[in-house]
Amino acid sequence: MEPVIAVSNLDKTFPVANEDFFALQNIDLQFAPGEFSGIVGPSGSGKTTLLNIMGSLDKATNGKVYFMGDEITSLSAKESAQLRSRKIGFIFQTYNLLPVYTVYENLELPLILLGMSTADKKQAIMESLEWVGLTDKVNSKPAQLSGGQCQRVAIARAMVKKPTVILADEPTANLDSENSHIILKTMKKINDASGSTFIFSTHDDKVIGYLKRKITLVDGGIQQDETF
Amino acid sequence: MIAFLFKGLLRDRSRSLFPILITGSGVAITVLTFAWVSGILNETIETTARFRAGHLKVRTNALNEQQYPNIMELVLTDAGKIKNQLEAEFPHLTWKSRIQFGGLMDVPDKNGETIAQAPVAGLGIDLMSKDRSEIKHLNLGKALAKGNLPQKSGEILLSDDLFEKLGLRLGQSVTYIGSDMNGSMVFYNFKISGTVRFGIKAMDRGAMIASLEDMQDTLDMQDATTEIFGFFKDGFYHAEQASRIRASFNDSQKATGPFAPVMVRLEDQDNMGEMLSYMNAMFSAILIIFIFVISLVLWNAGLMNGIRRYGEIGVRLAIGESKSHLYWSLIIEALILGIVSYILGTAAGLIPSYYLQVHGVDFSAFTQNADFMMSNVMRARITPINFWIGIVPGVIAPFIGAAISGIGIFKRETAELFKELEV
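Line by line, the protein sequences are chains Y and G. Sequential numbering of the first sequence, starting at 63, is according to the working numbering. Sequential numbering of the second sequence, starting at 35, is according to the working numbering.
The hints are simulated quantities; they were obtained by calculation from the structure and are not laboratory data. Be aware that a few hints might be false.
Stated by the list, open to error - As a list, the in silico EDC-like pairs of lysine to aspartate or glutamate whose alpha-carbon atoms are at most 20 angstroms apart: (1) Y:Lys149 with Y:Asp254; (2) Y:Lys183 with Y:Glu167; (3) G:Lys170 with G:Glu247; (4) G:Lys235 with G:Asp396; (5) Y:Lys247 with Y:Glu232; (6) G:Lys41 with Y:Glu167; (7) Y:Lys203 with Y:Glu189; (8) G:Lys267 with G:Asp160; (9) G:Lys267 with G:Asp165; (10) G:Lys445 with Y:Glu141; (11) Y:Lys203 with G:Asp46; (12) G:Lys357 with Y:Glu141.
What the hints assert, rightly or not - Just some of the chain G residues that point at chain Y, by a computed CB distance under 10 angstroms: (13) Leu44; (14) Arg49; (15) Glu355.
Unchecked claim - Partner residues aside, some chain Y positions facing chain G, computed with beta carbon under 8 angstroms: (16) Ala139; (17) Ala143; (18) Arg146; (19) Asn158; (20) Pro172; (21) Ile174.
Virtual Cβ for every residue (Gly too), placed ideally from N, Cα, C.
Produce the complete structure using the sequences and hints provided.
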């Protein structure tokens, strides 16, 4: 089966005091469709940088990244944006909902970029809110929701366009234990139902407990790659 | 997408109301300042034109070279013929003969003995014809402080200050003592029909206004006048047109010599040219500096607004919006806010400008001893420029601010913007 994302011999360096600091070094990874995987490791290990490169938000210094078999390392900014708008959903540690818009409108934004009709948008948004159990909050604004509810809206926003891959950067870092489990169960349910690939960046043990595959990153290099 | 962004713009007061308030205030201040400064400049020009210089003026060569209007020996003869020629050749101006004179005002008691005397600076103007343009030029209707305008021969207006100083009463007879165009001394009795207050110290100190015909009789000036004033019918001085008219008239004059007529423009008289150039330069400099400073402030506000939104920009990029789409949405947003600010700010600036144009501000306390022709009441002046000058600080400055701050979107790596998420 063709991997959804394949990373080949990837390096990422940053200039630090006239020298190149390797944030990532010699990374080779493949993610199959429907995986529920996590990149784990301590702070500064390169998790977020790797997630950004796989999500076409950042460029690798060396090496290649393939998305559904197509190389994305050399895409233009516009092509990268198109890839993100159609195929990749992001979930952030701090939710990053737009505060002046309602839950409905926050979910509507990615669909506007896809040029969907009003009826199709409404159907997709309500379906997505059903997945996260927040149909009753459709007209609420982020400030009226709890942290856990905000993160569920963020999951719904990532899911609403039915992406191939969802990249979640520390999605439970701002949540208490109970809400973390609710979020993780919700994502697992979506993963099972939709077949979307979930890739986490985390150092939260609660998340790790749900993963089917754990890739441990230390100092920019893969230390361990375990499948459960 | 535009509708979606517009919805957010309306809801987020920090992105809509406050920028509109800041930019609109800047526009309003610019509009008001422009109206005020151009009003002062125009007031100075028009006051000089109405009372002393006209927009154009015909006088004798000799009088012109003397630059002293009260020398009766240097008056213009055949004034009727010259005035007819002017009215035929330049019908878009109103041409009016005026006699400027000086002399003494003597106040006799019932026995004819002098009880008070004072120097007067007089004007003989067209008061008796149906054409009331001179009354309008000198704003006599508004300037009338007591009594009535002269209705018949032998009646005069006196400055209210002089009237009070000499303890006169309306209807009282006074004697004008002066010299006629032949140099002979003249005595002529007039009756005071009313008093005037122009708000111009130089005029209010000792003005006497009589009808042109009375002064021609008094000063033995049949078909003669000291000057023929020309006023553009729209009420505003047009320098280039005035130059063309002057050249055309002077070129057409065959007569030469000290008593030949010569036309001069407003700025040819009393160093008005230098004064106008100086005032225009000052006016331009003040406006340029002012607009630059206001634009800088508003440009900075636009810049800060863009930078403050890097977080939102990061989310939108992550969701899949392209950088160019984002950039143009920021520009369009800045333009919409700029246009709204420009319209509201211009309206807000025009309201006090209009008030100041109608009512003005009385500066008489500061000009009590001034001899120059300057109105005591300074007014703003609304011109067509007032309607579009706000575009610079209102639309262009925030547009540039948004455009420059937006460049950051292109220069920064997407991941860097992404890291700056703040929402």
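Each hint tested on the structure:
1. For the proposed pair lysine 149 of chain Y and aspartate 254 of chain Y, the alpha carbon gap of about 18 angstroms is at most 20 angstroms, so the pair holds.
2. With a C-alpha separation of about 10 angstroms, the suggested pair lysine 183 of chain Y and glutamate 167 of chain Y falls inside the 20 angstroms cut-off, and the hint holds.
3. Annotation: proposed proximity of lysine 170 of chain G to glutamate 247 of chain G holds, straight-line Cα distance about 18 angstroms (limit 20 angstroms).
4. Between the alpha carbons of lysine 235 of chain G and aspartate 396 of chain G the distance comes to roughly 12 angstroms, so the proposed pair stays at or under 20 angstroms and holds.
5. Using a Cα cut-off of 20 angstroms, the hinted pair lysine 247 of chain Y and glutamate 232 of chain Y holds, with the two alpha carbons roughly 15 angstroms apart.
6. For the hint pairing lysine 41 of chain G with glutamate 167 of chain Y, the CA-to-CA distance comes to about 10 angstroms; that is within 20 angstroms, so the pair holds.
7. For the hint pairing lysine 203 of chain Y with glutamate 189 of chain Y, the CA-to-CA distance comes to about 19 angstroms; that is within 20 angstroms, so the pair holds.
8. Distance check on the hinted pair: lysine 267 of chain G and aspartate 160 of chain G sit about 17 angstroms apart at the alpha-carbon level, within 20 angstroms; holds.
9. At most 20 angstroms may separate the alpha-carbon atoms for a hinted pair to count; lysine 267 of chain G and aspartate 165 of chain G meet this at roughly 13 angstroms.
10. Taking the CA atoms of lysine 445 of chain G and glutamate 141 of chain Y, the gap is near 17 angstroms; set against the 20 angstroms cutoff, the hint holds.
11. Restraint check for lysine 203 of chain Y and aspartate 46 of chain G: the C-alpha separation of about 13 angstroms stays at or below 20 angstroms, so the hint holds.
12. Proposed proximity of lysine 357 of chain G and glutamate 141 of chain Y is supported: the alpha carbons are some 11 angstroms apart, at most 20 angstroms.
13. With a cut of 10 angstroms, the hint placing leucine 44 of chain G at the interface with chain Y holds, because the nearest CB-to-CB distance is about 9 angstroms.
14. Nearest Cβ of chain Y to the Cβ of arginine 49 of chain G: about 8 angstroms, under the 10 angstroms cut. The hint holds.
15. A least Cβ separation of about 6 angstroms between glutamate 355 of chain G and chain Y falls short of the 10 angstroms threshold, and the interface hint therefore holds.
16. With a cut of 8 angstroms, the hint placing alanine 139 of chain Y at the interface with chain G holds, because the nearest CB-to-CB distance is about 5 angstroms.
17. Annotation: alanine 143 of chain Y was flagged as interfacial toward chain G, and the flag holds, the nearest CB pair being 4 angstroms apart, inside 8 angstroms.
18. Given the 8 angstroms rule on beta carbons, the hint for arginine 146 of chain Y holds: about 4 angstroms separates it from the nearest Cβ of chain G.
19. The restraint placing asparagine 158 of chain Y at the interface with chain G holds, with a minimum CB-CB distance near 5 angstroms, inside the 8 angstroms limit.
20. About 5 angstroms separates the beta-carbon of proline 172 of chain Y from the nearest beta-carbon of chain G, less than 8 angstroms, and the hint is met.
21. This hint holds: isoleucine 174 of chain Y has a C-beta 5 angstroms from the nearest C-beta of chain G, less than the 8 angstroms allowed.
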